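**Q** These protein sequences, in sequence, are chains A and B. Here this note's numbering is used: the first residue of the first sequence is 1, the next is one more, and so on. Here this note's numbering is used: the first residue of the second sequence is 1001, the next is one more, and so on.
Since the hints were made in silico from the structure, they are not lab data. As the structure is a prediction and not an experimental result, all values here were calculated from the model. Glycine included, each C-beta is placed from N, C-alpha and C at the ideal position. Take these hints with a grain of salt, some might be off.
[What the hints assert, rightly or not] Restricting the straight-line Cα-Cα distance to at most 30 Å, the calculated cross-link-like pairs of lysine-lysine (DSSO-like) are:
1. B/K1120 - A/K246
2. B/K1134 - B/K1163
3. B/K1120 - A/K410
4. A/K148 - A/K246
5. A/K410 - B/K1163
6. B/K1134 - A/K410
[To be verified] Label pairs and their in silico Cβ distance ranges:
7. B/G1018 - A/I489: 24 to 32 Å
8. A/S17 - B/K1134: 54 to 62 Å
9. B/E1218 - A/L493: 42 to 50 Å
10. B/G1018 - A/F19: 42 to 50 Å
11. A/V395 - B/V1146: 38 to 46 Å
Chain by chain, the residues:
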Amino acid sequence: MSLIHIAWRNFCHRALSSFLTTFSLALGVGLVVLVLSVYGVISEAFTRNASVGYNLVVGPKGSPLQLTLNSVFYLSQPIENLPYTEYMEFLPQAERATMVSRFGGDPELAKRDGRYAPFVAGGFAIPLALGDYFGEFRVVGTTPAFFKELKHGPNVDEDFTFRSGRALQDFSTENGYFEAVVGARVAKQMNVTLGEKFYPTHGDPTGHGHELGFTIVGILDPTGTPNDRAAFVNLEGFYLMDGHAKPVETDAESDNDSEDVLDEAIDAEEASDAEEANEGQPESDPNTNTEASANNGVRLIQSDITPEQANNLTDEKQSDEYRLLSIPEREVTSVLIRNGNIMFAPGMQNAINEGIRSQAVAPIGEINKLMNLIVGPLLTALLAITVITCAVAAVGILVSIYNSMNDRRKDIAVMRALGARRTTVTAIIVFESFQVALIGTILGWILAHAAIVMYSGQIEDQTGVQVGFFTTSNYEILVLPLVLALALIAALLPAWSAYRTDVGSNLSA
Amino acid sequence: MTQLLEIKDLLKSFAQPGGGNLAVLDIPQFQIAEGEQVALIGQSGGGKTTLLHLIAGLLVPDIGSIRIGGVEITRLSEQGRDRFRAETIGYVFQTFNLLPAFTALENVRLGMTFGSGKHKHERAADLLAHVGLKDRLNYRPKQLSVGQQQRVAIARALAGRPKLLLADEPTANVDPNSAESVLDLIRGTCREEKVSLLTVTHDMQIASSFDRLETLDEINQVTHANASAS
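Work out the full structure, taking the sequences as your base and the hints as a guide.
**A** Encoded structure:
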């Protein structure tokens, strides 16, 4: 008969006490595994969020973290806006010329490449405009390129797929510029379906509603990224909403405007910088990013329209009856950049950050900082608490086995009389402790994972991370050795008591 | 006849709580031959159980020699005595001392667990069948009668094929009707297995049926009067 079998018999003999001790340990282990799993889910969610498909976010000067929060996670408030011309600095001359032609603006803009265009060549620059809400979710004004160019997933190679509908179009005969695509969570929580129209609110979730509505033409599949929590609208439609046009003053009005003087100074500096930068920059490819030049021929209506008129126009669904904003009237909150050659990213980032108006941040770096600075310590604290819980459960093992020693001294003496060595009876006690630890750990693991499976639907909805019963985090493999080590420590005192048991006096008792 | 157990000039005393030592045993010579069955009688508190513990190697004498099968066990380390005990000595207790967590079969198997491990597990079932408990193999001690428990204890003591069986008042807790059968079982089994037997008892009728009857007062030079005075 093996010593493990003897230990198991002792475990079974004190069934209630063994069960309570084991269950207490199981709860402790379950808590640890649960925290580790949550940690794993959060880590994966962060990893997914870091797999954004672009390597830089460009926005106004300010907090890099805030820029990341509002442009990547659609959280917090935007810092400020950038002039549309900042976005145009990432575009080649042909595309800029198309914009000038289409929207109206300074003809000089059409004559040169954007100063950062050579850095971006082969990649993309996607503008974002934030500020409105659909319920509690951010409304993100962007271009169709968002769904065409951006990838997601662990390897950043997955295209956006649609549960139903399609991506935004630059302009559609059905909905004009007023199309929207909503993330999976938005669709579920706001209970919207294809063809429904929503009216964004301005500034915050309880702000006043715009009078122009957007028709939902697509509902995204869950991606496990913040995009699940956003409602994407056509950037042109976003600009057409009341209050979204930047006021443009006439020359006479702006003569004494100090802000315009600053803008002119910045523009002059940047134009100078652009010439210098272009000298040492990679050659731009004239064939790259010229898609916009083949854009639909939208006729610009120069006269202003009221929101009521715009709303009526929307219903009429006539493309040529909208007045698209001119370039000076346009602003973007940020620009998502993917460099065609990643080697150019640091140089471009430095060049942007040396400027007065913009900053470029690497979102992965900011996400990792956020993870390390805020989420990491929080989870570490949680983990510490749960490890203490485990230690308390280990003390429970100690108390349980030690209390049983008084009843078992005679059994130990009998085994010694049958030839068992002191080390043998000591080992039996340690095995008993290990059995409690092993069963408690397995039971705790099962309880924790059962709980996770019960909430897997909600976890996937909230984070996009799919979890199953056997989904484990890397840290979970450490739980069993840790608990066995605690069990060994807990067994030391009763094992020592067993070792010192006097045979003669206990046999006679 | 070859001697299995040879005790010479054995002295055992215990430390007193108030200081000094209390001499319990002083045995100049005591022997048991191979296959011999000896009954040892004596008064309660006279040192009978202490003598059994010394022979089993559970206690160490102050001075003197205990040789079993030619092995001087007083010179063995504690681990050596444990191993020697597991392979050479069987022990039947007055209170049976079956482990309550184990079945009858497991209790018997426990008797061969700590030895060399060369015995087949089937022997445990065979022994229980031999003592009349073939249909009680998986019963727990508390599910067995007192007599049945003592039979299990006998089977356990013989499981490791010992050369010497020590029985400490094996019939003291058994009703008179069962006592004779228990004793017959011990003696018969020892005879079949060629095991020497040293039985401690205070029942003169039982003791008189053995090959040899020894009185502790005769072999032990420590009298109760001496012990009290020490």
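**Q** Does each hint hold? Answer for all of them.
**A** For each hint, the structure was consulted:
1. B/K1120 - A/K246: violated, 95 Å
2. B/K1134 - B/K1163: The hint holds at about 25 Å.
3. B/K1120 - A/K410: With Cα atoms ~27 Å apart, B/K1120 and A/K410 stay inside 30 Å; holds.
4. A/K148 - A/K246: Roughly 28 Å separates the two Cα atoms, so the pair holds.
5. A/K410 - B/K1163: holds, 25 Å
6. B/K1134 - A/K410: Satisfied, since the Cα-Cα distance of roughly 27 Å is no more than 30 Å.
7. B/G1018 - A/I489: 24 to 32 Å: violated, 40 Å
8. A/S17 - B/K1134: 54 to 62 Å: violated, 34 Å
9. B/E1218 - A/L493: 42 to 50 Å: holds, 47 Å
10. B/G1018 - A/F19: 42 to 50 Å: With a Cβ separation near 47 Å, B/G1018 and A/F19 satisfy 42 to 50 Å, so the hint holds.
11. A/V395 - B/V1146: 38 to 46 Å: Because 40 Å falls inside the window, the suggested range holds.
Going through the hint list in order, the structure does not satisfy hints 1, 7 and 8.
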